[in-house]
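Chemist: Next come the chains, spelled out residue by residue.
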Amino acid sequence: MLTKLIHSKERWYLALASLLVASCAIAPNFWPEIAQAQQAARTAERRTLILDRAPARSIADPNPVFRAIAIDIEHGEVFMANDKESADTSVLVYPSQFPPTDRIMEPKRRISGPKADLGMICGVAISAQHGELYSVQGESGTINVFSLSANGNVVPLRQLDGVTPRSTAGIYLDAKNDELFITTEHVNRISAFPRVFKEDEEAKRYIQGPKTMLADPHGIYVDSDSDEIYVTNHGNWRETVPGEGERRGPDSLTRSALGYTEPGRVLPLAPSTGKFIPAAITIYARMGQGDAAPIRTIQGPKTLLNLPDGITRDPVSDELVVANTGDDSLLFFERNAGGNVAPTRVLKGSRTRLKGPVGVTIDPKNNELWVVSWDNHIAAVFPRIAQGNIAPKRVIRTAVDNAPMASMGRIGAVAYDAKRNEILAPN
Amino acid sequence: MSQPRISVYAGSADGNAVPTRIIQGEKTLQARTSHYIAIDTVRDELIAPNPFAQAILFFRGGANGNEPPLRVIQGPKTLLSSPDNVAVDATHKEIYVAQFTNDAILVFSNTARGDVAPLRILRGPKTLLDRPIRVEVDPINNVMAVVNDHQILIFDRTAEGDAAPKWILSGPKTGVGTSIGTRDVKLYPQGKKIIAGGLIRETGPGATAEESAPRNAGFGYRGQRFIGAWNYGDTGDVAPVVALNNTPISKIPGSRLAINPAAQELIVGGDGVVFIYKLPEMFAPAK
Numbered sequence: 002m003l004t005k006l007i008h009s010k011e012r013w014y015l016a017l018a019s020l021l022v023a024s025c026a027i028a029p030n031f032w033p034e035i036a037q038a039q040q041a042a043r044t045a046e047r048r049t050l051i052l053d054r055a056p057a058r059s060i061a062d063p064n065p066v067f068r069a070i071a072i073d074i075e076h077g078e079v080f081m082a083n084d085k086e087s088a089d090t091s092v093l094v095y096p097s098q099f100p101p102t103d104r105i106m107e108p109k110r111r112i113s114g115p116k117a118d119l120g121m122i123c124g125v126a127i128s129a130q131h132g133e134l135y136s137v138q139g140e141s142g143t144i145n146v147f148s149l150s151a152n153g154n155v156v157p158l159r160q161l162d163g164v165t166p167r168s169t170a171g172i173y174l175d176a177k178n179d180e181l182f183i184t185t186e187h188v189n190r191i192s193a194f195p196r197v198f199k200e201d202e203e204a205k206r207y208i209q210g211p212k213t214m215l216a217d218p219h220g221i222y223v224d225s226d227s228d229e230i231y232v233t234n235h236g237n238w239r240e241t242v243p244g245e246g247e248r249r250g251p252d253s254l255t256r257s258a259l260g261y262t263e264p265g266r267v268l269p270l271a272p273s274t275g276k277f278i279p280a281a282i283t284i285y286a287r288m289g290q291g292d293a294a295p296i297r298t299i300q301g302p303k304t305l306l307n308l309p310d311g312i313t314r315d316p317v318s319d320e321l322v323v324a325n326t327g328d329d330s331l332l333f334f335e336r337n338a339g340g341n342v343a344p345t346r347v348l349k350g351s352r353t354r355l356k357g358p359v360g361v362t363i364d365p366k367n368n369e370l371w372v373v374s375w376d377n378h379i380a381a382v383f384p385r386i387a388q389g390n391i392a393p394k395r396v397i398r399t400a401v402d403n404a405p406m407a408s409m410g411r412i413g414a415v416a417y418d419a420k421r422n423e424i425l426a427p428n
Numbered sequence: 133m134s135q136p137r138i139s140v141y142a143g144s145a146d147g148n149a150v151p152t153r154i155i156q157g158e159k160t161l162q163a164r165t166s167h168y169i170a171i172d173t174v175r176d177e178l179i180a181p182n183p184f185a186q187a188i189l190f191f192r193g194g195a196n197g198n199e200p201p202l203r204v205i206q207g208p209k210t211l212l213s214s215p216d217n218v219a220v221d222a223t224h225k226e227i228y229v230a231q232f233t234n235d236a237i238l239v240f241s242n243t244a245r246g247d248v249a250p251l252r253i254l255r256g257p258k259t260l261l262d263r264p265i266r267v268e269v270d271p272i273n274n275v276m277a278v279v280n281d282h283q284i285l286i287f288d289r290t291a292e293g294d295a296a297p298k299w300i301l302s303g304p305k306t307g308v309g310t311s312i313g314t315r316d317v318k319l320y321p322q323g324k325k326i327i328a329g330g331l332i333r334e335t336g337p338g339a340t341a342e343e344s345a346p347r348n349a350g351f352g353y354r355g356q357r358f359i360g361a362w363n364y365g366d367t368g369d370v371a372p373v374v375a376l377n378n379t380p381i382s383k384i385p386g387s388r389l390a391i392n393p394a395a396q397e398l399i400v401g402g403d404g405v406v407f408i409y410k411l412p413e414m415f416a417p418a419k
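Protein sequences appear in the order of chains A and B. The first sequence lines up with residues 2 to 428 when you count with the working numbering. The second sequence lines up with residues 133 to 419 when you count with the working numbering.
If we strip away everything but chain A, and leave its shape as in the complex, we get (with noise of 0.2 Å):
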């Protein structure tokens, strides 16, 4: 009897043996949870493995960068925007004048956090009047309005949101008008609120369509002395309709422009429109409205055009004023040039340190023009009638001189060459 008990335990062992021989040759380098989770036929059941771990490694700029800007003369500051989210979105306010210095330069005041909503901030105006500052969001088109004096996490004055159309580029305001002006890159649009705008008010009037010419707005500036828009376009194009962009639910004429939630009419098929023009600045009657053609435009090789971004004039010379972020450069015209002509000055070159210029803006007070190149974290400071390769009068800088230029923006993918072992990031 016992010699059958012992017999039998043998038998238990040897089985019991054997399956663990048998589950690890079945599964070497398998995780349990794996295996009770990749049940495929009892999907039902499936509990997920879940995983709590640390990047390996990370990619990214903490330096902010400078989009936009605007002066204060009569308060002498200036308002920058800073577009980079791994430095935090914000509004940098830093003195107009201050001593020469290489140093990082620390804000006066910074606006910034959840409250503040300032999403991807492309674009600033200031109206020293009504102590008011405007801000738009590059990815939504929310325009919000600030005091002044604002700092910190604060909570817009006012804030317009859902109605314009999403990838919003520049903002201006029309002082003597009371009117803010926006371009929408994905619509080729410009649409006009009032200044002092309710919650979701509708555009009062737009620019769009066809005959229009607007070609991938960016930079916008109004002159209401010659009651004329100017625009700067980098040159992408398709046929748009009046109206695009607007949000008006199922009955929306783009779904692309309002962002992938909103459901919008499904277009049919149709030939692709699609073009590439050359960059140009198109200029408008200030009241002009729905398809309107502009009544000029600087565009051609002479111009030196090339991913023209922020504008505005300089009421001393009347001369417009570009920021030209494919070549570096800053280019000046006459502010009634029309066609192929060449800018009446260039400031250009390595002195210069304009790195991605975007941004422009004229100091009467103290005869100066400012210009913040994004790439290179550096707001510049000229004399206003600076030209050719000059150095700049003083910086206000983001980071150390030997700093990585900022080179990543708004991520919009990923992708890994395996050839290269790179990854690769657009904007």
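If you're looking for bench data, these hints aren't it; they were derived computationally from the structure. Check the hints yourself; a few may be wrong.
Which residues of chain A face chain B? A partial, calculated answer using Cβ under 8 Å [as the list claims (entries may be wrong)]: (1) I51; (2) R54; (3) S59; (4) V242; (5) P243; (6) D315; (7) D319; (8) G357.
Below, computed lysine-lysine pairings styled on PhoX-like, alpha-carbon distance capped at 20 Å [what the hints assert, rightly or not]: (9) B/K209 / A/K276; (10) B/K258 / B/K298; (11) B/K225 / B/K258; (12) A/K349 / A/K394; (13) A/K356 / A/K394; (14) A/K420 / B/K225; (15) A/K303 / B/K159; (16) A/K212 / A/K276; (17) A/K394 / A/K366; (18) A/K276 / B/K159; (19) A/K303 / A/K349; (20) A/K356 / B/K159.
Where a beta carbon is used, it is the ideal one built from N, C-alpha and C, also for glycine.
Given chain A's structure and the hints, the job is docking chain B onto it.
Modeler: Frame of chain A, contents of chain B only:
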């Protein structure tokens, strides 16, 4: 940002790294809002969309600086409408574009140039395409994945016309769909895996305290980003096999994805940063 560009970093890059090269400048014909870069490993080309000029741009794989594309697909016959994404099947020599504006997938030859018509079009009520934003192709297992407004649809690779999807990932257990934050999908052919992220934007009024907790043991609870992997063949309201949850440790920055299977790395872009995670569990073969 200043100008449209593609920044390229070493695979081992870490911190405030200097790009190995930057493709930027007027001649590149890029525009803002390029939401995808496809890499044709056979032809050694980079492919990027330009939504504003309705074009697909093909660059040398090692393109640098203000370098023009090798060729461009653009013109009335292409039917392209604000394309912000493109995928490539180097094996079968095709590229795919998801058309958000008209609920369609267009397929072109990967050597196409100029004003050319698509080789085939997937579109119609049976496809269930609804605001598709991304398409990805697996040339080995012959499937194609599409990120839809509230689903991920998996089709046969060669599906065209009004063809129905073969598998559908949809429902609260999946936590995927553009409307809740999915911005990308990746297919891992060797492991037969579908990898995608989701983002549930806020804690809803019906959420339990457990669901609202900052660190929940479950996956995809309300208000949480995650990136999950499903097996090929999963269909319906199916939880992922593996999920990386967003926590104070993982800090998932978004749901733009790339994979490096050889190193078992998941690359995630968003919020102005790129994070690289070592996740061998996500690359384990399906059983």
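Chemist: Of the hints stated earlier, which fail here?
Modeler: 4, 5, 6, 7 and 11
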